[in-house]
Amino acid sequence: MMDTWNYIEYGAWALSALFGLLIVIDWIKIDTTYSEEALTSSREGELEAMTEKHRLEG
Amino acid sequence: MAHSEDVDHTSHGQSMGLLRVLGPAHVWALGVGIVLVGEYMGWNFAVGKGGAYAALIACWFAGVLYSCVAMIDSEVTSTVAAAGGQYTQAKHIIGPLMAFNVGLYLVFAYTMLEAGNAITLGFLVDTVAGMTGHEGGLDQRPFIVLAIMFLAWLNYRGVLATLTFNLVITAIAFSAIIVMFLATSPLLGAGEMLHKDLMSGQASLPYGWLGILAAMHFGLWYYLGIEGTTQAAEEVRSPARSLPFGTLAGIMTLLIAATLTWYVCSGLLPWEYLGDGVNGAVAPLFSAAQISGSNALVWLLGIGTLFATLASANGCINDASRAWFSMGRDHYLPAWFGAVHPVYRTPYRAIIFLVPIALIFALGAPLDQVITFSILSGLLGYTFMPINMIMFRKKWPLDTIKRGYEHPLHPLPAISLMALCSVTYFAVFLGYGTQLIAMIGFYIVVSLWFHFWRYRFVKRADQFTMPWPRPRGY
Numbered sequence: 001m002m003d004t005w006n007y008i009e010y011g012a013w014a015l016s017a018l019f020g021l022l023i024v025i026d027w028i029k030i031d032t033t034y035s036e037e038a039l040t041s042s043r044e045g046e047l048e049a050m051t052e053k054h055r056l057e058g
Numbered sequence: 001m002a003h004s005e006d007v008d009h010t011s012h013g014q015s016m017g018l019l020r021v022l023g024p025a026h027v028w029a030l031g032v033g034i035v036l037v038g039e040y041m042g043w044n045f046a047v048g049k050g051g052a053y054a055a056l057i058a059c060w061f062a063g064v065l066y067s068c069v070a071m072i073d074s075e076v077t078s079t080v081a082a083a084g085g086q087y088t089q090a091k092h093i094i095g096p097l098m099a100f101n102v103g104l105y106l107v108f109a110y111t112m113l114e115a116g117n118a119i120t121l122g123f124l125v126d127t128v129a130g131m132t133g134h135e136g137g138l139d140q141r142p143f144i145v146l147a148i149m150f151l152a153w154l155n156y157r158g159v160l161a162t163l164t165f166n167l168v169i170t171a172i173a174f175s176a177i178i179v180m181f182l183a184t185s186p187l188l189g190a191g192e193m194l195h196k197d198l199m200s201g202q203a204s205l206p207y208g209w210l211g212i213l214a215a216m217h218f219g220l221w222y223y224l225g226i227e228g229t230t231q232a233a234e235e236v237r238s239p240a241r242s243l244p245f246g247t248l249a250g251i252m253t254l255l256i257a258a259t260l261t262w263y264v265c266s267g268l269l270p271w272e273y274l275g276d277g278v279n280g281a282v283a284p285l286f287s288a289a290q291i292s293g294s295n296a297l298v299w300l301l302g303i304g305t306l307f308a309t310l311a312s313a314n315g316c317i318n319d320a321s322r323a324w325f326s327m328g329r330d331h332y333l334p335a336w337f338g339a340v341h342p343v344y345r346t347p348y349r350a351i352i353f354l355v356p357i358a359l360i361f362a363l364g365a366p367l368d369q370v371i372t373f374s375i376l377s378g379l380l381g382y383t384f385m386p387i388n389m390i391m392f393r394k395k396w397p398l399d400t401i402k403r404g405y406e407h408p409l410h411p412l413p414a415i416s417l418m419a420l421c422s423v424t425y426f427a428v429f430l431g432y433g434t435q436l437i438a439m440i441g442f443y444i445v446v447s448l449w450f451h452f453w454r455y456r457f458v459k460r461a462d463q464f465t466m467p468w469p470r471p472r473g474y
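So the protein sequences, as listed, match chains L and P. What the first sequence shows, in UniProt numbering, is residues 1 to 58, in sequence order. What the second sequence shows, in UniProt numbering, is residues 1 to 474, in sequence order.
Simulated from the structure, these hints should not be mistaken for laboratory data. If you're wondering where the values come from, they're calculated on a predicted model, not measured in any experiment.
Label pairs and their in silico Cβ distance ranges:
1. L:Lys-29 <-> P:Leu-19: 14 to 24 Å
2. P:Pro-356 <-> L:Lys-29: 15 to 25 Å
3. P:Pro-186 <-> L:Trp-27: 52 to 62 Å
4. P:Pro-356 <-> L:Arg-43: 21 to 31 Å
5. L:Gly-11 <-> P:Ile-360: 21 to 31 Å
6. L:Arg-43 <-> P:Tyr-207: 46 to 56 Å
7. P:Arg-141 <-> L:Thr-4: 15 to 25 Å
8. L:Leu-22 <-> P:Glu-135: 28 to 38 Å
9. P:Gly-95 <-> L:Thr-4: 56 to 66 Å
10. L:Arg-43 <-> P:His-195: 50 to 60 Å
11. P:His-195 <-> L:Ile-28: 51 to 61 Å
12. P:Val-64 <-> L:Trp-27: 42 to 52 Å
Subject to a maximum C-alpha distance of 20 Å in a straight line, what follows is the list of computed EDC-like cross-link-like pairs (lysine to aspartate or glutamate):
13. P:Lys-394 <-> P:Glu-406
14. P:Lys-196 <-> P:Glu-272
15. P:Lys-395 <-> P:Glu-406
16. P:Lys-459 <-> L:Glu-37
17. P:Lys-459 <-> L:Glu-36
A virtual CB, placed ideally from N, CA and C, is assigned to each residue, including glycine.
Chain P on its own, in the form it takes in the complex:
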């Protein structure tokens, strides 16, 4: 028998949707929370590919790429205020096949990143155990599973608590980077920086200009995931204001965090050690804190590393589940996934479904492969964005739909983003050509499945919900 609330909902013709409870700070916490772990670990592989200068060039080059991403996303999503982010944008602006692919890019990118974060968390706990005198190594699996289960439970229970938690831990992790910079730079601290000694002669550009190109691949790590802010579109109180504000504040935070991280780490650690993310500086900010000789900094950066990892996994669960939920709601996937929890108002079935997938990858796949699949899916998503932006402005020029934010200099950001994506594809191909081809092959196969089978279940008229005028030229 149906519950009384159920009768209330249906008798008044109302639906049980996601709750609009978030503000701009939560949007910031979602975007920066997913990304900040890239400052704590991962970016330093760029140093290994081309030296410290190459890593800085990659940092700023990727910074331009992601500033374009943030501006484009802010404009489009301030008008497409629905869960699903870029998937929903693609559905309204380009078409169903592109939307299906973009939806999968999002789910893969975030679920793989969540698995990567959980693996990292297990490693961090093992490191702490070793530092406190535990011998023989730790079984990392219970900590990997606990991270995924706890965060899935938090996401299941409600978006406000989930992203408030992210706000707190992300703010602490970001503050730790600022404190580290202030404590070690000549501004306030002891001025222990050795840039001149560590980056001169052969160490300046050890592999020449080709090293800079190779470093581009890992330059993405400084910012990968900021586009995740758009997934909160259906749960923010004021999408037209909060989404652009949270996203643009997020990319500014990351540009500062990335540059400070590079400055601190490259000034304290030799490039050969910094660039070796496997046997050398696995968590470079933490390694830099150890070199500084301050126990307080070691603790602070240790906590920062742990919180950044948790925040990233938390945001990834939030985003992957919204994308999966939206595809279910539109019948791109079985409609069963389009359910909303009647009490917590979360996409609970999408959250539950993605838990075992994250666990399988976290427990059964090597970290570098998991992260590579995440980056490749992200890159395919970025390639879609400039096409989406150009078509959006063409079909609905500025005078036809009111935007919460209009990005400047169109089409320059879209063209820049496309050009930078091309360079990054080449860089990825140099290092991970087989994975790139395998991934594209996979998306071609699932596209055929969608086109020839799944699309017949989509209620074609129902999926276009925005109260927009007819596109120009139609």
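Chain L with its partners taken away, still in its complex shape:
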């Protein structure tokens, strides 16, 4: 016989699918809207390099 915990199990499956879906939909949307060049334009230490430059110029 089903009890509350069995319904909670189904709820957990449903929520898992929902979170997965939210991620995948947004992922597809972002990858088709923005260029690959823009998405991978992050550069390590850029802020530090800029700060350093600013300090030298200042």
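With the hints as your guide, set chain P onto chain L.
Just chain P now, kept in the frame of chain L:
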């Protein structure tokens, strides 16, 4: 067609990077959040290996090891303020092959720990269901999957919300340990502690000095993961201040939490029961709360156990994805992984890629094997740290780069860490020799792949970004 924001970014020559929005409290929450689950469960296997005194010696011995880790990390990362943590440190200070290996250690250690936490969470929900009268056991899989999917979604949506969530649940879990101590110790509570009875005679050191050595392996559980604070380096507002502050406050919190946990549990539970983490005290703080007879404490420690598990998995997703992202950005892995979400500013592809891997291990591998792989990868990472520190001070002495924090007594912490790692390797070899050799074999194979194939794709000049002077002697 490109989005208008996209045009803005590229036309001004700016890049879409991670957001600098975190403060020292978030760094604390990241480090302590990953670790605190080790206080709630796991450390007590040390009691099984050598008794309660052995577990205390292992607790403090490992505490010294991790204090060295925290000090070394604080100094180096206050100057290498970039995502990737120890991977980025290795890249700048030692070289690409070491960096590649360290990056993999990090991703494996955190992803395996995330899987372990999800398995634990499924078990906890099953236990709660049993306690509330559910018969026939629960299917744990939906709760394991939900934990991973929810936390991945949270991480995907932004680092500030992710680590603020960690801050709240970690603070509750830590407070629960303090309340448990106050309620059961003679200071404020009923003074129910039975250390004298439970730890005398044969029970003091049941396996002698060898038991202390064997307990060392599980002594790591009290602190394993505090080094994860460095992964936040590219997202904190003031790396030189926040990272050392958050990391050192984190190790102090853990030393207190570990000692109080040992005190409470060893004073309420006999060592034979406490040391059996499979059929005995699976969650020892929770078991101690049950023994105390207080329903409020049972609830509080139950919630603490659940929150500590969630916080750990959450921090692990954060850290593993930053390490994977950094390796992609440097072309150590396909550059596709080096993408940043234009709205949420998170390494979204790295987060997504690691979800199925965590699910496979969480649903398909036994907990002890998953945790062992995590610990071994962590241990390999700790072995790298003293070498890294000694080379950092040698190549860039204190007068050449300004540090946000300078750790005292160099090279003593580095040498101590190396010595303690050696002891722990021996202890691990006694219990998990086959896994240790298999793991080292795996890293040798992937190192060969990196050296002979992958390294040709790395843009060698681009990967060194810190505005540092030329290293001494070059």
